[in-house]
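K.L.:
As given, the protein sequences belong to chains S and C, one line each in that order.
When we follow UniProt numbering, the leftmost residue of the first sequence carries the number 1, and every step to the right adds one.
When we follow UniProt numbering, the leftmost residue of the second sequence carries the number 1, and every step to the right adds one.
These are calculated hints, taken from the structure and not from any lab test.
Here a beta-carbon is modelled for each residue, glycine too, at the ideal position from N, C-alpha and C.
It is possible that part of the hints are untrue.
Claimed, not checked - Which bits of chain S does chain C cover? Going by a derived footprint, with three or more residues having C-beta under 8 Å, they are:
#1 106-114
#2 228-234
Claimed, not checked - Computed list of chain S residues with no C-beta within reach of chain C, every gap over 10 Å:
#3 S4
#4 D68
#5 E96
#6 P173
#7 R189
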Amino acid sequence: MKASAGGYARANDVPHALQLLALAGAAGRILAGGQSLVAAMNMRLSDGDMLVDITRIGALRGVTDTGDSLHIGALTRHAEVGTDPLIRTHAPLLTEAVHHIAHAAIRNRGTIGGALAHADPAAEFPACAVALGAVIHAEGPEGARQILAEDFFEGVFTTALAENEILTAISVPKADAAETQIMEEVARRGGDYALTGLCLVRRAAGHRVAVFSAGPAPVLARAAMAALDAGDIDGAVAALQAELDPPSDTQASAGYRRHIAGVLLRRAVERSGGQGA
Amino acid sequence: MTLAFSDRIDVALVVNGEPVEARVPAGQHLVDFLRLELGLTGAHASCEHGVCGACTVRVDGQAVRGCLMLAAQADGADVWTVEGLTEAGGSADLQAAFVDRNALQCGFCTPGMIVAAEDLLARGGVPARAEIRAHLSGNYCRCTGYEAIVDAVEQVARTRAGKGTA
Ligand SMILES: Cc1cc2nc3c(=O)[nH]c(=O)nc-3n(C[C@H](O)[C@H](O)[C@H](O)COP(=O)(O)OP(=O)(O)OC[C@H]3O[C@@H](n4cnc5c(N)ncnc54)[C@H](O)[C@@H]3O)c2cc1C
Chain S
1 MKASAGGYAR ANDVPHALQL LALAGAAGRI LAGGQSLVAA MNMRLSDGDM
51 LVDITRIGAL RGVTDTGDSL HIGALTRHAE VGTDPLIRTH APLLTEAVHH
101 IAHAAIRNRG TIGGALAHAD PAAEFPACAV ALGAVIHAEG PEGARQILAE
151 DFFEGVFTTA LAENEILTAI SVPKADAAET QIMEEVARRG GDYALTGLCL
201 VRRAAGHRVA VFSAGPAPVL ARAAMAALDA GDIDGAVAAL QAELDPPSDT
251 QASAGYRRHI AGVLLRRAVE RSGGQGA
Chain C
1 MTLAFSDRID VALVVNGEPV EARVPAGQHL VDFLRLELGL TGAHASCEHG
51 VCGACTVRVD GQAVRGCLML AAQADGADVW TVEGLTEAGG SADLQAAFVD
101 RNALQCGFCT PGMIVAAEDL LARGGVPARA EIRAHLSGNY CRCTGYEAIV
151 DAVEQVARTR AGKGTA
C-alpha cells in the first residue's frame, strides 16, 4: 500500500512548527525520524496527515551538560545517543538501551523525542525515562512546560502531550558516583521489540525499577523498589510480579511476561553487584 | 516565514554523484522516488514498514530505510544506491565475495545487504561474526540462511584490514 499525506511543510524553528501545527488543526502531525510514522502512513494506519517536518530544527538536536543533568534534544538520533560520551558517562542506561532498539539503519534516523512521543509500550526509551526520573520538555502555543516522565506516559501510544505541543527535549539527572544503571530484556531476535524488559537504577537515594512491554505504559515498580531498598531480592521479585498486570497477545502470554520480569530483575540485581541497599 | 503546506514538494539532491531536481508528492517515500522517477530499481520496495531491509540505501553517509524516509525529506541529501556503488567500484570486492561464497541466490535482498554491510565495514577493523549478524539483523534473506553472507562480509573485512583471506 502507499501513503497518502495531506501535505508537507518544513519547519525552520519551534515557533514556526507550532504555527504550522495550529494551521493544520486536527490533521497536523509532527514528522521526526519517521521510523514509526512513515511506516504507519505506508500501511494507511495514518491517512491525510499534514506533516510538519521538524528535522531541520538544529536547536532540537544534541546533548548538553546543564550541571546536575543532561539535556538531550528531541531530534538526537538513537545512533547518536548510543555513542555520545556525556550520555555514556552520566546516563549509561540510555547507551545500553540503544543496543536493544531496532536495527542499525533505523537507529540512524529514529529520534529519542520521537520514541518518547510515540510511546510504544514495548519501547526502551520511555522506560529508561521513568527509571531515571527524567523530565520531558514540551512547547506549545501557551509556552513551555516540563512533565515528569512518571506522569508523561498515559497508555498505549498515549502521552500527556497535547496535540498542539512539541516535545523539545528530555533531561535526565546525572548518575551519582556509585550509581549503577542496567537494562535487561528478552526479545526473539536482536533488534525486535522486547517481549518484556526491565531497567534497574541503584543510586544513593534508593532503587528504581521500570518495566516495559508488560502493560500499556512503562510501570514504575514501587513495591519491588522498596523491597530492594530493604535488601530483599526474593521479596522484590514477588512484589514485582504482583504489581504487574501484563497483557496476553500473539507475542507472549501474561504469565510468561510476569515470569520473565522476575527473571530479568534477578539478572539485573546480579549484574549491579549484589543485593544493594 | 511561509505557513504553507504543499502536496508536491520541490527537492534538489545528489543521487549517485549526479545532481537531481524533482517535484515529489508529499507522501512518496525515497525508494519509490528512486525506482519510479529515476529508474534506479536496485533498492527494493518490499515490506514498506522498515522490517525487511530490502530498501536500504545510503543517505549522507549512513545506511537508512528507503521506505521510511520521505523523498521530500531528501532535499539537499547525498544519496547512494547499489547502482552508484557498483559504478564507483568501491564495493566490487564485497560483491565478488557475495558471488564466491554463494551469499545470494534470488538476489532480492542483496542491494540492501550490500549497503548495510558497507555501513559496518566503513568502521574499519574486522568485526566479530556476532557483530556482523547484529548489524545485518534488520535485513531479511529468505534464500541463504545468512551463514554465507556473514562469511562474505567477514572475508572482505579481513582483506580490507590487510589480514589476507580467511
Ligand atoms: C522494524 C522496526 C523496529 C523497531 N524496533 C524498535 C525497538 O525495538 N524499540 C524501540 O523503542 N523502537 C523501535 N522502533 C521504533 C523506532 O525507535 C522509532 O524511531 C521511534 O519509535 C519513533 O521515533 P521517530 O523519530 O522515528 O518518530 P516519527 O516516526 O517521526 O514519529 C512517531 C510519532 O511521534 C510523534 N513525534 C515525533 N517527534 C515528536 C516531537 N518531537 N514532538 C511531538 N511529537 C513527536 C509523531 O507525530 C508520530 O506520531 C522500530 C521501528 C522499526 C521500523
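K.L.:
Are the hints correct? Go through all of them and say.
P.N.:
For each hint, the structure was consulted:
For a cut-off of 8 Å, the count of residues in the stretch 106-114 of chain S with a CB near a CB of chain C stands at 3, and the three-residue condition holds. Counting residues of the stretch 228-234 of chain S whose CB lies closer than 8 Å to any CB of chain C gives 0, which falls below the minimum of 3, so the coverage claim is violated. The non-interface label for S4/S is inconsistent with chain C: the shortest C-beta to C-beta separation is roughly 5 Å, within 10 Å. The claim that D68/S lies off the interface holds: its Cβ sits roughly 33 Å from the closest Cβ of chain C, which is beyond the 10 Å cut-off.
For E96/S, the shortest C-beta to C-beta distance to chain C comes to about 14 Å, beyond the 10 Å cut-off, and the non-interface label holds. Residue placement check: P173/S keeps its beta carbon more than 10 Å from all beta carbons of chain C (closest about 30 Å). With a closest Cβ-Cβ approach of about 6 Å to chain C, R189/S is found to fall inside the 10 Å limit, against its non-interface label.
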